[in-house]
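Undergrad: To convert, note that position 8 of the sequence shown is 8 in the working numbering; the numbers rise steadily by one, no gaps.
In short, the hints are calculated from the structure, not lab data.
Among these hints, one or two may not hold up.
No more than 30 Å apart at the CA atoms, straight line, and that leaves these computed lysine-lysine pairs for BS3-like [what the hints assert, rightly or not]: (1) Lys143 to Lys60; (2) Lys131 to Lys143; (3) Lys239 to Lys182; (4) Lys161 to Lys135; (5) Lys129 to Lys60; (6) Lys135 to Lys59; (7) Lys208 to Lys190; (8) Lys74 to Lys131; (9) Lys208 to Lys224; (10) Lys129 to Lys74; (11) Lys224 to Lys239; (12) Lys244 to Lys182; (13) Lys127 to Lys161; (14) Lys74 to Lys127; (15) Lys135 to Lys60; (16) Lys135 to Lys74; (17) Lys101 to Lys127; (18) Lys190 to Lys127; (19) Lys182 to Lys60; (20) Lys129 to Lys59; (21) Lys101 to Lys121; (22) Lys60 to Lys101; (23) Lys182 to Lys135; (24) Lys161 to Lys239; (25) Lys224 to Lys182; (26) Lys190 to Lys135; (27) Lys121 to Lys135; (28) Lys101 to Lys143; (29) Lys208 to Lys244; (30) Lys121 to Lys131.
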Amino acid sequence: MRNQLSIPVTALALLALAACGTESGSGSGSGGDGGGSVTTDLPLTGVHWSVDSVTVDGKKSAAPNGAHVEITDKGRAQGNYGCNQFGAAVKVEGDTVTVGKGEMTEMGCAEDIQGFEEAMKDAFTGKLKAKLVDKNLTLTTPKGDSITLTSEPAAPLAGTKWTVNSLLTGDVATSLPAGTEKNAYFTLAKDGSVRGSLGCNTFSSTAKVSGSMITFDRLASTRKMCAGTAGTVENHMRKALEGKVTFTLQHRGLTLTAANGKGISANATTG
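Turn these sequences into a full structure, and let the hints steer you where they fit.
TA: See below:
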């Protein structure tokens, strides 16, 4: 199993702040810290583009849950490679998208996701040709590598299946241990009922939403013995869904932080 790397949550916040930087006029979009510019008839900005697949050197790789790209009208690209978050200056002119050198977090990821991230980074840089058909976007490099994406609407808090992608402890985020990805998830129904998996045992509860807070009642769960990494995830989940929890909902991403400092980051998923 790959060694787990942790990264301060503050670094994730810095990526978000960089993505919301001020507009820098025309900008080069080919590097540096400033934003680029957006001059296009294609509706690429302000859209959550979920990555479907990446093809590099003729090899097609399906994207993991949560991989996405957003292009702001201030000349920034931001998103998630599948495990790590990223940000970069971007310049859009007509059907050409020029992606500059970016920054990314450095969490350890499962081997298959790590491979996808490398392919995504290789393809999502430099000058790309954009082709938009309905809700489907294809970005193609000069050598023929490509990224296929689909626009997706924002996910509501209630009624969405939220699949956990990282564990938070204070100001540190840690990727899920290899082999436990997609095992922890939950759905909060409109009637306040909560059902899901702690990563090993399934659970149910009730919760009340008020402002930016969710108050969870005591969890009821199955009683399987959960050893190793599955047990680690389960113990963390129990603490993250304890009592009054602060939540942040951003398009198709959700962060929960309990008063005890434990938290989770999750993506909206289907199925």
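Undergrad: Hint by hint, say whether it matches the structure.
TA: Here is what the structure says about each hint:
| no. | hint | result |
| --- | --- | --- |
| 1 | Lys143 to Lys60 | holds, 15 Å |
| 2 | Lys131 to Lys143 | holds, 16 Å |
| 3 | Lys239 to Lys182 | holds, 19 Å |
| 4 | Lys161 to Lys135 | holds, 22 Å |
| 5 | Lys129 to Lys60 | holds, 18 Å |
| 6 | Lys135 to Lys59 | holds, 24 Å |
| 7 | Lys208 to Lys190 | holds, 10 Å |
| 8 | Lys74 to Lys131 | holds, 21 Å |
| 9 | Lys208 to Lys224 | holds, 28 Å |
| 10 | Lys129 to Lys74 | holds, 20 Å |
| 11 | Lys224 to Lys239 | holds, 18 Å |
| 12 | Lys244 to Lys182 | holds, 25 Å |
| 13 | Lys127 to Lys161 | violated, 36 Å |
| 14 | Lys74 to Lys127 | holds, 18 Å |
| 15 | Lys135 to Lys60 | holds, 20 Å |
| 16 | Lys135 to Lys74 | holds, 22 Å |
| 17 | Lys101 to Lys127 | holds, 12 Å |
| 18 | Lys190 to Lys127 | violated, 44 Å |
| 19 | Lys182 to Lys60 | holds, 22 Å |
| 20 | Lys129 to Lys59 | holds, 19 Å |
| 21 | Lys101 to Lys121 | holds, 10 Å |
| 22 | Lys60 to Lys101 | holds, 24 Å |
| 23 | Lys182 to Lys135 | holds, 26 Å |
| 24 | Lys161 to Lys239 | holds, 20 Å |
| 25 | Lys224 to Lys182 | holds, 18 Å |
| 26 | Lys190 to Lys135 | holds, 28 Å |
| 27 | Lys121 to Lys135 | holds, 23 Å |
| 28 | Lys101 to Lys143 | holds, 19 Å |
| 29 | Lys208 to Lys244 | holds, 9 Å |
| 30 | Lys121 to Lys131 | holds, 19 Å |
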